[in-house]
Structures are given as structure tokens and as C-alpha cells.
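Chains as they are written, first to last, in the numbering used here: chain D, 1 to 146; chain R, 1001 to 1510.
To be clear, the hints were calculated from the coordinates, so they are not data collected in a lab. You may find that some hints are simply not true.
From the structure, some residues in chain D lie toward chain R, with a derived Cβ separation under 7 Å [what the hints assert, rightly or not]:
no. : residue
1   : Ala17
2   : Glu21
3   : Arg25
4   : Thr117
5   : Val120
Simulated DEER-style distance windows between Cβ atoms [said to hold, decoys possible]:
no. : chain 1 : residue 1 : chain 2 : residue 2 : range
6   : D       : Gly51     : R       : Arg1276   : 53 to 59 Å
7   : R       : Val1307   : D       : Gly28     : 29 to 35 Å
8   : D       : Tyr108    : R       : Glu1271   : 29 to 35 Å
9   : D       : Arg18     : R       : Arg1335   : 23 to 29 Å
10  : R       : Gln1463   : D       : Tyr108    : 47 to 53 Å
11  : D       : Gly58     : R       : Asn1244   : 49 to 55 Å
12  : D       : Lys105    : R       : Arg1223   : 20 to 26 Å
13  : D       : Arg130    : R       : Val1233   : 41 to 47 Å
14  : R       : Pro1461   : D       : Tyr108    : 32 to 38 Å
15  : R       : Ser1374   : D       : Pro70     : 53 to 59 Å
16  : D       : Tyr108    : R       : Glu1317   : 54 to 60 Å
17  : R       : Glu1271   : D       : Gly51     : 35 to 41 Å
18  : R       : Pro1461   : D       : Asn38     : 29 to 35 Å
19  : R       : Ser1374   : D       : Tyr108    : 42 to 48 Å
Interface residues of chain D toward chain R, partial, derived using beta-carbon atoms under 10 Å [to be verified]:
no. : residue
20  : Leu19
21  : Asp76
22  : Glu83
23  : Asn84
24  : Tyr115
25  : Pro119
Every residue gets a Cβ at the ideal spot worked out from N, C-alpha and C, and that includes glycine.
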Amino acid sequence: MSNPVTIIMIEDDEGHARLIERNIRRSGVNNEIIPFTNGTAALDYLFGKDGTGLVHKGNALLILLDLNLPDASGIDILKRVKENGYLKTTPVVVLTTTDDSHEIKRCYELGCNVYITKPVNYESFANAIRQLGLFFSVIQVPPAAT
Amino acid sequence: MTSEARKRRALWQILLLSAGFLALVIVSVGAVLLVDKARDHSRLVVHTVEVESQLSNLLLEIRRAESATRAYLLTSAPQFLTEYQTAADNVLPAADKLAALTADNPVQVENYTRLRKAIEQRLREFARGVDRVKNNDVAASITALRNGTSTDAVQTIVETSRTIRAEEGRLFAMRTADADRTQVLASAVTIAGSTLVIALAGISIFLVRRSSRARDHAEEQLRDSNLNLETTVDERTADLREANDEIQRFAYIVSHDLRSPLVNIMGFTSELEELRGDIFRRIATLARTQSAAPQAPENATDTAEPVLEGADKQLSEDFTEALGFIKSSIAKMDRLISAILNLTREGRREFDPVPIDTKELIEAVVTTMAHQVSEAEARIQIAPLPNIVSDRLALEQIFGNLIDNALKYLKSGVPGEILVRGRTKLGFAIFEISDNGRGIDPKDHQRIFDLFRRAGTQDRPGQGIGLAHVRALVRRLGGTMSVASELHKGSTFTITLPIDWPSSNRNTRK
Chain D
1 MSNPVTIIMI EDDEGHARLI ERNIRRSGVN NEIIPFTNGT AALDYLFGKD GTGLVHKGNA
61 LLILLDLNLP DASGIDILKR VKENGYLKTT PVVVLTTTDD SHEIKRCYEL GCNVYITKPV
121 NYESFANAIR QLGLFFSVIQ VPPAAT
Chain R
1001 MTSEARKRRA LWQILLLSAG FLALVIVSVG AVLLVDKARD HSRLVVHTVE VESQLSNLLL
1061 EIRRAESATR AYLLTSAPQF LTEYQTAADN VLPAADKLAA LTADNPVQVE NYTRLRKAIE
1121 QRLREFARGV DRVKNNDVAA SITALRNGTS TDAVQTIVET SRTIRAEEGR LFAMRTADAD
1181 RTQVLASAVT IAGSTLVIAL AGISIFLVRR SSRARDHAEE QLRDSNLNLE TTVDERTADL
1241 REANDEIQRF AYIVSHDLRS PLVNIMGFTS ELEELRGDIF RRIATLARTQ SAAPQAPENA
1301 TDTAEPVLEG ADKQLSEDFT EALGFIKSSI AKMDRLISAI LNLTREGRRE FDPVPIDTKE
1361 LIEAVVTTMA HQVSEAEARI QIAPLPNIVS DRLALEQIFG NLIDNALKYL KSGVPGEILV
1421 RGRTKLGFAI FEISDNGRGI DPKDHQRIFD LFRRAGTQDR PGQGIGLAHV RALVRRLGGT
1481 MSVASELHKG STFTITLPID WPSSNRNTRK
């Protein structure tokens, strides 16, 4: 792939972020991971200074999104990404503690590509992340659309 | 208006009514009596008049006899003799009649006796005169007449009759006065009675109107306060619902936010576990190289698992033990949080009321438990049950939990007897699930419904969620539940649910 995929990780809990990163690396994915611990910073990065998302035109991104953020709702971020002309093709993986079926349904309705519940059981957790790494390695991430 | 005032008013009305009736009765009786008396008096007045007329009659007859006698004396004509005879014959019967009429009055009787004597003397004189004429002794008669021997008798007759008349006149005046008085009294009594009755009726009407006004007022107030009450109830219900929603949201958020650090704790504990493996492997390797450096190369130390010894081994085991405790605690905490999450999720589920054949539903529930039933050597009896309109899933969970509990906490060694009964009362269906199990100490009756709380010997798996869940469901369905039990004597769980789905039930909210 000419343009390597950048993984945007929006996760307020640094511990979770570390665990996710570690397990992604363990699964052999070496893409760049840009972590954000709050929604505002992530949105600033995603949509650029002008707020249009033009900055990422032609970039291949993959978003790892936690729904429970201190300053913004993950659902809103998901919605904005999927409504943006440049970012809507970006795969979004929702990775969160919420396992409420309504929430899951809502995320899929808004265009989320994968919904993963963070299991407390670490084996399952690590397993899920590694599978995700595998998934990363096989999916074709289109560059942000024109 | 207080009940005492109401009672007093009712008493007043009864009293007034009684007084009215009493007055009416007294007036009627009084009027009847007085009229009767007036009639008596009138009769007496008439009697007096009769006496007077009879007296006049008598005197007339005497005069007629006297005139006839004199005429006979003068003319000796036989028709005068006949007239005299007739008159003389009439005198005594007339006198008798008078006597009969005046017999009631001693004064008159005495007067009459005197009169009678005088009359008889006069009659005798007449008779003598007539006899003399018959014997042609007219002159003697005339002489006798002239001598006026009869003057005394005539005088007596005149005086006595005057006395009698005077007496009768007195009686007449008295009796007339009496009759008048009686009549005046009668009309006075009638008027007074009527006035009293009218007054009482007026007071009664006033009281009735006042009480009906008071009643109208009270009704209005009642209506108002009913409306107020409804509004208040609605407000409170809304408040409670809001509070409940808030608690649910709170529980939901808290459990989520608790789970988040738990993921970290578990994750890094596992990471530590891996580190521990690395560390102790290195320690072992180091220890080995230190103690036996020369012969190391030929042993494949890289591949084989290094063995720890002595203090190092102890250290490793302590490490493992500590990690084990941490992990099991995390697992437990995760289960509890999941339980809370499930409960709040259940609390948010919308109900779908359908008509339910309760017996069939419970039989189906029991069928899914066939394995536990046979394992516990229990027998489940289901009596005829009232059918209700409710949420099927909720009912399945309620009865499933209760029957499962009954099976779970049977006395060991005693075949279980579980009985499900039902009845209806005032729009509610009451279900009873009784068992002959180990029972619950009365001091734990409240506790068993609390989340994560259990009672008795803890020899069965469980989180202490079932009954809390059941009670929450029953409440949301608009019912209540209670337990009656004693240690070693079995338990009876009673569930009261509305037969018809209450329109105001909490199924409308999200």
C-alpha cells in the first residue's frame, strides 16, 4: 500500500490505550498509532483547523473510538465522521465498555464498521484486539475520499 | 364540617321533627277534647232552654185549665168542661216532664217539689170548682173564687216558676259563657298548635336547606380536593418516575465507569503475570549461571524451563497467590457490575401486555426446569390459577426465579413439595408459591429482597440478585410481593398482580 494506514485511537483511559496498543503491536501490526485522550483534540485533528476534514484528503485512516469520553460523546464523533464528505469512508471501530444492545444498534446505524465490547476478562480482551489487528492487516482502507 | 357537628345537626332535625309531631298530636287531641266539651256545653244550654220552654208549657197548661174552669164556672157549657179536662190531664204529664228535665239539679228539684205541690193544690181547687158547678153550686164556687183561697197556690206557682226561670237563666248564662270559653280555648289551641307546627316546619326547612347547602359545599370541596389529589398524585408519580429513572441512569453510568478501571486492573494484572513469568525465568537463569557457570553450555537452558529453588520458589508462589486473589476479586466485581447492568437494563425494558394463561405459563417454566426437579426429587403442583393480562417475559422471570429458588433451597434428604396456588381479590390476582424447604429466618425477610444479599447457609451458587430482580419486576407490573416463612418450615412467596393491565402502568416510558 502506497499510503500506510494511520490508526487514530480516541481513548480517554490511558491504561486502556496502552493495553490496546500493546495488543495491536503483539498481533504484528506496525502502523502508526496516534492516540487522543479527549474528543476535542481528536476532532481538531480529524477535521483540521478549518473543520472540513480536507487535511486528510488522500490519507488512509482507521479510527478506534471509545464511546465514553469526558468532553464529548463518542456517538457524536462517529456521527460527524460519517457525515463528513472526506472522512465517511474511514473505517470506525467502536471499542468500549458499553454492551447495551441499543447503543450497539445505534452505532451500526450511524455507520460504525465494527463494534467491540471491552471485556474485563483480559484473555478475551487481548484476543479481541489481536483479532482486530488481524482485521487491520487484511482490510483495505480506502484513502479519504475526494 | 366535623362529624360531631353533623351528628348534632341530625339530632336537631330529629328533635324538631318529633316536636312537630308531638305538637300536632297534642293540638289534635286538645281540639277534639275541647270540641267535645263545647258540644256538652251546647247541649246543656239547649237543655236549659228546654227546661224553660217546658216550664212555660206547664204554666200555659195551668192557665188553660184555670181559664177553662172559670169559663165553665161562668157558663157551665160542657165544651169548657172538656177543655178543662184536657188541660188538667196535660198539666201533670207536663210537670213530670219538667221534673225529668230538672232531675240533675238539686236546686231545681227542690223548687219543683214546691211547684208541684202548688200545682196539685191548684188542680184540686179547679176540680172542686168544677164539681161545685156540676152540683149546681155555682154561687159557692164563685164565692170560693172570690175568697181567693187559691191565691197562695197561684202565688207559689208564680214565685216558684220565677225562681226556676231565674235558676235556669243563671245556668243558661253560665253555660253559655262556658261554651263560649271552651270554643275560644279550642280555637286558641288550634291556632297555637298550627303556629307551632308551622314554626317547626319553617325551622326544619331552614335546617334542611342549611345542611343541603353545607353538603353541596362539602361536595364541591371534595371534588376540588379530588382534583388536587389527582394532580398531586400525578406530580408525585412523575417525580418518582424521574427519580427512578435517575437512579437507573446513575446505576448504569456507575457500573460502566466502574467497569472501565476494572478493564485496566485486569489487563495490567495479566500483564504483570506475564512479567512475573519473565522475571522469574530470568532469576532462575541468573541463579543457575551463578551456581553452575562452567557446565551451563551443554544444557539447553534456553529452551528448557528454568527451575526455581528455595527462597526464589517461595517468592514466585507468593506472587502467584497475590495475583490469583486479585484476579478472582476482579472476576467477582465484574459479575456484580454485570448484574447491576442487567437489572438496570431490565428496568428499562418496555412491557408488552398480553392475555396470559398463567397455569400454562408456569407449566412451561417448570418444564424447562425438569432436570433440577428430578435432581431435587421434588414434586411441583400447580393449582388452577387466575389468568391475567401482563408481560409474558416478566412473568416467566418472576415465576422462574421463585420456583428455581424453591428448588434450590429445599431441605436435603426431604422430597420437595412445591405448590403454586392462585386466587383473585378486588381486581388483583394473588399467587402463592409455597415449598417445604429450609425456610427463611424472619429477621432476613427484608434482606433477601436486597440486591446482593442472601440468607441462610451459603451452600448454593448465586449472586443475591434473583429476588431483588423479581421484586423490581413485580413492582413495575403494578403489583406487590411478600414472603411468609420460618426456619425449617418452608416458605411462601405471595405475589399480587393486577388482573387487567393498568393503563397508567410504567410501560409508557422509555
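Going down the list of hints, with the structure as the test:
Taking 7 Å as the C-beta contact cut-off toward chain R, the hint placing Ala17/D at the interface is violated, the least distance being around 10 Å. Among the interface hints, the one on Glu21/D is violated; its C-beta lies about 12 Å from the nearest C-beta in chain R, farther than the 7 Å criterion. Look at Arg25/D: its Cβ only gets to about 13 Å from chain R, farther than 7 Å, so that hint breaks. A cut of 7 Å between beta carbons decides the hint on Thr117/D: the least distance to chain R is about 10 Å, and the hint is violated.
With its C-beta approaching chain R no nearer than about 4 Å, Val120/D sits inside the 7 Å limit, and its interface hint holds. Between Gly51/D and Arg1276/R the Cβ separation comes to about 48 Å, which falls outside the hinted range of 53 to 59 Å. Range check, Val1307/R to Gly28/D: about 32 Å between beta-carbon atoms, so the 29 to 35 Å window is met. Hint check: Tyr108/D to Glu1271/R, Cβ distance near 32 Å, so the stated range 29 to 35 Å holds.
Restraint check, Arg18/D to Arg1335/R: a C-beta distance of roughly 25 Å satisfies the suggested window 23 to 29 Å. Taking the beta carbon of each, Gln1463/R and Tyr108/D are about 31 Å apart, not inside 47 to 53 Å as hinted. For the hinted restraint 49 to 55 Å between Gly58/D and Asn1244/R, the CB-CB distance of approximately 52 Å keeps it satisfied. Checking the proposed 20 to 26 Å range against Lys105/D and Arg1223/R shows it is violated: the Cβ atoms sit about 49 Å from each other.
As the Cβ distance of Arg130/D to Val1233/R is approximately 57 Å, the hint placing it in 41 to 47 Å is violated. Checked against the hint of 32 to 38 Å, the pair Pro1461/R and Tyr108/D passes, with Cβ atoms roughly 35 Å apart. At about 54 Å, the beta-carbon gap between Ser1374/R and Pro70/D stays in the expected band of 53 to 59 Å. The supplied range of 54 to 60 Å is broken by Tyr108/D and Glu1317/R, whose beta-carbon atoms lie about 47 Å from each other.
Checked against the hint of 35 to 41 Å, the pair Glu1271/R and Gly51/D passes, with Cβ atoms roughly 39 Å apart. Judged by the Cβ atoms, the range 29 to 35 Å given for Pro1461/R and Asn38/D is violated: they are separated by roughly 42 Å. Our hint of 42 to 48 Å for Ser1374/R and Tyr108/D holds, since their Cβ atoms are close to 44 Å apart. With 10 Å as the threshold, the beta carbon of Leu19/D comes within range of chain R, its nearest partner Cβ sitting at about 4 Å, so the hint holds.
Taking 10 Å as the C-beta contact cut-off toward chain R, the hint placing Asp76/D at the interface is violated, the least distance being around 17 Å. At its closest, the beta carbon of Glu83/D sits 25 Å from a beta carbon of chain R; the interface hint therefore is violated under the 10 Å criterion. Because the closest C-beta pair between Asn84/D and chain R is about 28 Å apart, greater than 10 Å, the hint is violated. Interface hint status for Tyr115/D: violated, as the beta-carbon distance to the closest one in chain R is roughly 15 Å, over 10 Å.
Here the hint on Pro119/D is kept, as its CB sits about 8 Å from the closest CB of chain R, short of 10 Å.
When the structure is compared with the earlier hints, violations turn up for hints 1, 2, 3, 4, 6, 10, 12, 13, 16, 18, 21, 22, 23 and 24 and for no others.
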